[in-house]
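Novice: Note that the protein sequences, when read in sequence, are chains A and B. Basically the working numbering = 1-based index in the first sequence + 68. Basically the working numbering = 1-based index in the second sequence + 36.
Some clues are possibly wrong.
Once the Cα atoms are required to be at most 25 Å apart in a straight line, the calculated DSS-like pairs of lysine-lysine come out as [claimed, not checked]:
1. Lys100(B) to Lys103(A)
2. Lys221(A) to Lys39(B)
3. Lys91(B) to Lys39(B)
Quick list of the computed label-pair ranges, beta carbon to beta carbon [stated by the list, open to error]:
4. Ile42(B) to Val206(A): 48 to 56 Å
5. Met37(B) to Lys93(A): 42 to 50 Å
6. Ile42(B) to Asn150(A): 17 to 25 Å
7. Leu114(B) to Leu305(A): 17 to 25 Å
8. His56(B) to Glu139(A): 54 to 62 Å
9. His340(A) to Gln61(B): 45 to 53 Å
10. Glu139(A) to Ile99(B): 27 to 35 Å
No wet-lab data here; the hints were simulated from the structure. Bear in mind that the values here come from a model prediction, so they are computed numbers and not experimental data. Idealized CB from N, CA, C, for every residue including glycine.
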Amino acid sequence: MKNVNCLIIGAGISGVSIAYNLAVKGMKNIHVVDKGYFTHGATGRCGAGVRQQWNTETNCILAKKSIEFFEHAKEILQYPGNLEFKQEGYLILATSTQEHEQFIKNVQLQNSLGIPSSLLNKEEALKIVPHLNTDAFVSAAFCPTDGHLNPFKMTEAYMLAAKRLGVTFSFFEEVLKINRDGQVIDSVETDKETYVAQIVVNAAGGYAAEIGELAGVHIPVYSENHEILATEPVEKLQGPMVMSFSKNIYCQQVPHGAFLMGRSNPGQPHDHDIESSWQFLDEMAKTAVEILPILGKLRVVRQWGGSYNMSPDRQPIISATDELQGFYIACGFSGHGFMFAPMTGLLLSEIILKETPTLPVEGLSLERFKHPRDFTVEQSVV
Amino acid sequence: MNKNDIIICRCEDVTLQQIHDYLDQGHTNFEDLKRLLRVGMGPCQANTCGHLIQKEIANYLNIKVEDVPVHKVRPMILGVPLRSIAEGNDEEC
Chain A
69 MKNVNCLIIG
79 AGISGVSIAY
89 NLAVKGMKNI
99 HVVDKGYFTH
109 GATGRCGAGV
119 RQQWNTETNC
129 ILAKKSIEFF
139 EHAKEILQYP
149 GNLEFKQEGY
159 LILATSTQEH
169 EQFIKNVQLQ
179 NSLGIPSSLL
189 NKEEALKIVP
199 HLNTDAFVSA
209 AFCPTDGHLN
219 PFKMTEAYML
229 AAKRLGVTFS
239 FFEEVLKINR
249 DGQVIDSVET
259 DKETYVAQIV
269 VNAAGGYAAE
279 IGELAGVHIP
289 VYSENHEILA
299 TEPVEKLQGP
309 MVMSFSKNIY
319 CQQVPHGAFL
329 MGRSNPGQPH
339 DHDIESSWQF
349 LDEMAKTAVE
359 ILPILGKLRV
369 VRQWGGSYNM
379 SPDRQPIISA
389 TDELQGFYIA
399 CGFSGHGFMF
409 APMTGLLLSE
419 IILKETPTLP
429 VEGLSLERFK
439 HPRDFTVEQS
449 VV
Chain B
37 MNKNDIIICR
47 CEDVTLQQIH
57 DYLDQGHTNF
67 EDLKRLLRVG
77 MGPCQANTCG
87 HLIQKEIANY
97 LNIKVEDVPV
107 HKVRPMILGV
117 PLRSIAEGND
127 EEC
C-alpha cells in the first residue's frame with residue numbers, strides 16, 4: 069500500500085505533460101503508472117506532425133498555444149537531446165471546389181485566432197512542394213509554423229523534467245481496479261501495488277473508456293486502428309507535411325530522412341486492434357504515388373498501427389468528473405493528443421488545482437456530451 | 037575496446053555506449069531502446085542488432101538471454117518500393 073497525492077494512469081504524452089505541469093505548480097508525491105513499455109500506446113505510434121489548421125475554434129487555440137510551447141520546449145524542459153522540432157509547414161490540398169470553399173472558411177477562422185495560414189493556388193503550392201502531381205489538387209492551404217516533432221523525444225523530455233521535480237514512474241504495471249468511497253475516489257489497485265490517492269488522472273489513451281468503467285464513470289469514446297508506414301531515409305526532398313482530407317493521406321519527410329505516411333481505413337471497427345494490414349499498404353501506396361509520384365521509388369521498411377481515441381465531436385475531453393470527486397480525464401483526442409499535449413497538461417493541472425484556466429474549458433468537459441445538442445464537430449481529421 | 041567505438045546497430049550507427057547509457061536509466065527492454073535510439077528502425081529491421089541487444093540486456097539484468105523478450109517484428113520483411121506495391125495490385129484487377 070502506497071500513499072500518493074496524485075496517481076496518473078498512462079505515461080504517454082498526455083500523462084507526462086500532466087505530471088510535469090502539476091509538479092511545476094508545486095504538487096508533491098505524484099506517481100505515473102503505465103501498463104506497457106515506454107510510449108507503447110498512441111503517442112509512440114503517431115505521425116509526429118504538429119499543426120494548427122483546424123476548423124473548430126477550440127482545436128485551433130489548443131494547437132496554437134501548444135506550438136508556442138514546442139518552440140521553446142527544449143529550453144523550458146532542459147532536455148539534453150534533440151526534439152527534432154521543425155517548422156516547415158503543413159500543406160493541405162483541396163481536391164474539389166467544395167473543399168476549397170471550406171478551406172476559405174477555415175483560414176478565416178484560423179487567421180482570426182492569430183494562426184498564420186493562407187490559401188495558395190496551384191502555382192504557389194508547387195513552389196513549396198515541387199514534386200506534387202498538378203492534376204491531383206485544385207488549391208491548398210498552408211501554415212508555415214506547423215511542422216514535425218519527435219514523439220519519443222518529446223515524451224522523454226517531459227518525463228525527465230518531471231523526474232527532476234520528484235515525479236516517479238512505473239512501467240509494465242497495469243491498473244486492475246479503482247475503488248471509490250461513495251462519490252469520492254479512494255484507491256487504485258494494480259497488478260503490483262495499491263495506491264491510496266485523492267486525485268486520479270485517466271490519461272490512458274486508447275484504454276480511457278475502460279479505465280473510466282473501472283471507476284464507474286462512463287466516457288463516450290472509442291478506439292480505432294489507424295495505420296501508418298515508414299520508408300527508408302533519403303536526402304531531404306520535402307519540407308512540409310502534405311495532407312489531404314478528401315484523398316485520405318498525410319505524408320511528411322522527418323528530419324531523419326524517412327517519409328512517414330498514414331491514412332484512415334473507412335469502416336474501421338471500434339476496438340483495440342493495432343495490427344498492420346495489406347489493405348492499408350495497398351491503398352497507401354496508390355494514394356502516395358498518385359499525389360507525390362516521385363515517392364514511388366522509395367522502399368517501405370516498416371508499417372504499424374495505433375489507436376485513435378475518438379470523441380463524439382473529435383475534440384478532446386480535458387475535464388473533472390461530476391459523479392466522482394478526484395477523478396480527472398484527458399482523453400478522446402481523436403488522433404491529435406500528441407500535438408495538443410502542452411495544453412492538455414497545463415489545463416488539466418489548472419482544473420485539478422482549482423486555478424482559473426488559461427482558456428475556457430467548458431467546451432472540453434465531459435459534461436458537454438450529457439446534454440443532447442448539435443456539437444461543433446471537427447472535420448479536419450485524417 | 038572503447039564502447040563508443042563499438043557499433044551495435046549499423047543501420048542507425050548506434051554504439052554500445054549509447055545502449056548502456058539508456059540501460060542505466062532503466063530502459064531495459066528492446067522496445068524502449070528502439071524508440072529512444074532508433075535501434076531496429078533501419079533497413080534491416082533489427083535483424084542484426086536484435087540479438088546483440090538481447091544479449092546486452094541479459095548481461096545487464098543478469099538473466100538468461102532466452103528470458104529477454106524479443107522485439108516486435110513488423111511488416112515488411114524486405115523493403116519494397118511504393119510504386120511496386122501500387123502497380124502490382126493494378127495488374128491483378
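Novice: Checking one constraint from the list: CA of Lys100(B) to CA of Lys103(A), max 25 Å. Satisfied?
Specialist: Distance of about 24 Å is within 25 Å: holds.
Novice: Given the hint that Lys221(A) pairs with Lys39(B), does the C-alpha gap stay at or below 25 Å?
Specialist: 23 Å, holds
Novice: Could you tell me whether the CB distance from Ile42(B) to Val206(A) stays inside 48 to 56 Å?
Specialist: 54 Å, holds
Novice: For the pair His340(A) and Gln61(B), does the Cβ-Cβ distance stay inside 45 to 53 Å?
Specialist: 29 Å, violated
Novice: For the pair Met37(B) and Lys93(A), does the Cβ-Cβ distance stay inside 42 to 50 Å?
Specialist: 48 Å, holds
Novice: Taking 27 to 35 Å as the hint, is the beta-carbon distance of Glu139(A) and Ile99(B) inside that range?
Specialist: 43 Å, violated
Novice: Within 17 to 25 Å: is that where the Cβ-Cβ distance between Leu114(B) and Leu305(A) falls?
Specialist: 23 Å, holds
Novice: When you take the CB atoms of His56(B) and Glu139(A), is the distance between them in 54 to 62 Å?
Specialist: Given a distance of about 33 Å, which is not inside 54 to 62 Å, the answer is violated.
Novice: Taking 17 to 25 Å as the stated bounds, is the beta-carbon spacing between Ile42(B) and Asn150(A) within them?
Specialist: 22 Å, holds
Novice: Sort out whether Lys39(B) lies within 25 Å of Lys91(B), counting only the CA atoms.
Specialist: 15 Å, holds
Consistency note: the structure conflicts with the earlier hints numbered 8, 9 and 10.
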